[in-house]
Amino acid sequence: DTGVSQNPRHKITKRGQNVTFRCDPISEHNRLYWYRQTLGQGPEFLTYFQNEAQLEKSRLLSDRFSAERPKGSFSTLEIQRTEQGDSAMYLCASSPQGRNTEAFFGQGTRLTVV
Amino acid sequence: ILNVEQSPQSLHVQEGDSTNFTCSFPSSNFYALHWYRWETAKSPEALFVMTLNGDEKKKGRISATLNTKEGYSYLYIKGSQPEDSATYLCALRGGSGGSNYKLTFGKGTLLTVNP
Chain A
1 DTGVSQNPRH KITKRGQNVT FRCDPISEHN RLYWYRQTLG QGPEFLTYFQ
51 NEAQLEKSRL LSDRFSAERP KGSFSTLEIQ RTEQGDSAMY LCASSPQGRN
101 TEAFFGQGTR LTVV
Chain B
1 ILNVEQSPQS LHVQEGDSTN FTCSFPSSNF YALHWYRWET AKSPEALFVM
51 TLNGDEKKKG RISATLNTKE GYSYLYIKGS QPEDSATYLC ALRGGSGGSN
101 YKLTFGKGTL LTVNP
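Heads up: the protein sequence lines correspond to chains A and B, in order. The opening residue of the first sequence carries number 1 in this note's numbering; numbering runs sequentially from there. The opening residue of the second sequence carries number 1 in this note's numbering; numbering runs sequentially from there.
Hints may be right or wrong, so weigh each one.
Said to hold, decoys possible - In silico lysine to any residue, SDA-like type, Cα no more than 20 angstroms apart, as pairs:
{"no.": "1", "chain 1": "B", "residue 1": "Lys107", "chain 2": "A", "residue 2": "Met89"}
{"no.": "2", "chain 1": "B", "residue 1": "Lys107", "chain 2": "A", "residue 2": "Val114"}
{"no.": "3", "chain 1": "B", "residue 1": "Lys42", "chain 2": "A", "residue 2": "Arg9"}
{"no.": "4", "chain 1": "A", "residue 1": "Lys57", "chain 2": "B", "residue 2": "Leu2"}
{"no.": "5", "chain 1": "B", "residue 1": "Lys107", "chain 2": "A", "residue 2": "Ser87"}
{"no.": "6", "chain 1": "A", "residue 1": "Lys71", "chain 2": "A", "residue 2": "Leu55"}
{"no.": "7", "chain 1": "A", "residue 1": "Lys14", "chain 2": "A", "residue 2": "Glu68"}
{"no.": "8", "chain 1": "A", "residue 1": "Lys11", "chain 2": "A", "residue 2": "Gly98"}
{"no.": "9", "chain 1": "B", "residue 1": "Lys42", "chain 2": "A", "residue 2": "Ile26"}
{"no.": "10", "chain 1": "B", "residue 1": "Lys107", "chain 2": "A", "residue 2": "Ser58"}
{"no.": "11", "chain 1": "B", "residue 1": "Lys69", "chain 2": "B", "residue 2": "Thr51"}
{"no.": "12", "chain 1": "B", "residue 1": "Lys42", "chain 2": "A", "residue 2": "Val114"}
Said to hold, decoys possible - Not the full set, but computed from the structure, chain B residues with beta-carbon under 10 angstroms of chain A:
{"no.": "13", "residue": "Tyr36"}
{"no.": "14", "residue": "Ala46"}
{"no.": "15", "residue": "Thr51"}
{"no.": "16", "residue": "Lys59"}
{"no.": "17", "residue": "Ser99"}
{"no.": "18", "residue": "Thr104"}
Just so you know, the hints here were simulated from the structure itself, not pulled from any lab data. Glycine is no exception: its CB is placed at the ideal position from the N, C-alpha and C atoms.
Given only the sequences and the hints, what does the whole structure look like? Please build it.
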């Protein structure tokens with residue numbers, strides 16, 4: 001297993017366009033998370049999946065954002081009608097079930113909205 | 001809202017210097033404290049997970065301590081090397097009644113080690 005994989009690594013899009021990112025977690029991990037990091041800030045929690053169930057969504061996620069994890073494997077994060085404020089690093093992480101387990105992060109997708 | 005503070009925001013040291021950073025937080029009621037190292041163009045790499053007051057963890061030249069009663073954790077790097085240059089992130093899991101899976105990060109400390 002090569003760890004958490006995210007695609008694409010970079011995305012430049014025009015304002016108003018839709019974008020979709022993909023995350024492939026470590027295969028035996030049933031927990032999957034999306035975080036967003038903007039300039040000068042630490043990563044902020046967006047959403048959490050346990051298997052295929054989306055159990056929590058942050059208030060940071062407006063209704064333009066949607067995340068899915070069909071079949072409890074890979075996950076996608078879609079942003080509709082992108083705005084310049086959506087420009088950020090989008091990080092995906094996964095972890096096994098357990099109280100004190102570590103979350104393993106992907107390299108992130110850098111989104112730039114122009 | 002759980003507030004995780006890290007200081008300093010950035011740090012420049014010479015190769016061979018030892019250094020330390022601080023992570024402070026208001027609550028002792030949390031599941032775990034995590035330290036990550038994030039090098040440019042790479043994934044954040046987990047360094048330590050600490051849960052108990054007085055915990056001390058060590059990995060090579062890097063070590064960390066946790067004081068839950070006073071609400072801080074220190075990360076120490078002994079004999080800094082240029083390859084230690086990275087952003088060091090502290091994150092609290094849980095805390096203030098939060099869920100046991102969600103990480104709340106500080107803004108990080110950017111370390112630059114000059115050769």
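Quick rundown of the hints versus the structure:
For the hint linking Lys107/B to Met89/A, the alpha-carbon distance of about 14 angstroms falls within 20 angstroms, and the restraint holds. Restraint check for Lys107/B and Val114/A: the C-alpha separation of about 25 angstroms exceeds 20 angstroms, so the hint is violated. For the proposed pair Lys42/B and Arg9/A, the alpha carbon gap of about 11 angstroms is at most 20 angstroms, so the pair holds. For the hint linking Lys57/A to Leu2/B, the alpha-carbon distance of about 17 angstroms falls within 20 angstroms, and the restraint holds.
For a cut-off of 20 angstroms, the pair hint linking Lys107/B to Ser87/A stands: about 17 angstroms separates their Cα positions. Only pairs whose Cα atoms come within 20 angstroms are accepted, and Lys71/A paired with Leu55/A is accepted, the gap being roughly 15 angstroms. Distance hint between Lys14/A and Glu68/A is unfulfilled; the C-alpha atoms sit about 23 angstroms from each other, more than 20 angstroms. Under the criterion of a C-alpha separation no larger than 20 angstroms, the hint pairing Lys11/A with Gly98/A is inconsistent with the structure, at around 34 angstroms.
Between Lys42/B and Ile26/A, the direct Cα distance comes to roughly 16 angstroms. Compliance with the 20 angstroms bound is thereby established for this hinted pair. With a C-alpha separation of about 18 angstroms, the suggested pair Lys107/B and Ser58/A falls inside the 20 angstroms cut-off, and the hint holds. Of the supplied pair hints, the one linking Lys69/B and Thr51/B holds, its CA atoms being roughly 12 angstroms apart against a limit of 20 angstroms. Restraint check for Lys42/B and Val114/A: not satisfied, since their Cα atoms lie roughly 24 angstroms apart, outside the 20 angstroms limit.
With a cut of 10 angstroms, the hint placing Tyr36/B at the interface with chain A holds, because the nearest CB-to-CB distance is about 8 angstroms. At its closest, the beta carbon of Ala46/B sits 4 angstroms from a beta carbon of chain A; the interface hint therefore holds under the 10 angstroms criterion. The closest approach between the C-beta of Thr51/B and any C-beta of chain A is roughly 6 angstroms, which is under the 10 angstroms cut-off, so the hint is satisfied. Taking 10 angstroms as the C-beta cut-off, the interface hint given for Lys59/B is violated, the closest approach to chain A being about 13 angstroms.
Taking 10 angstroms as the C-beta contact cut-off toward chain A, the hint placing Ser99/B at the interface holds, the least distance being around 7 angstroms. With a least beta-carbon distance of about 7 angstroms to chain A, the hint placing Thr104/B at the interface is held under the 10 angstroms criterion.
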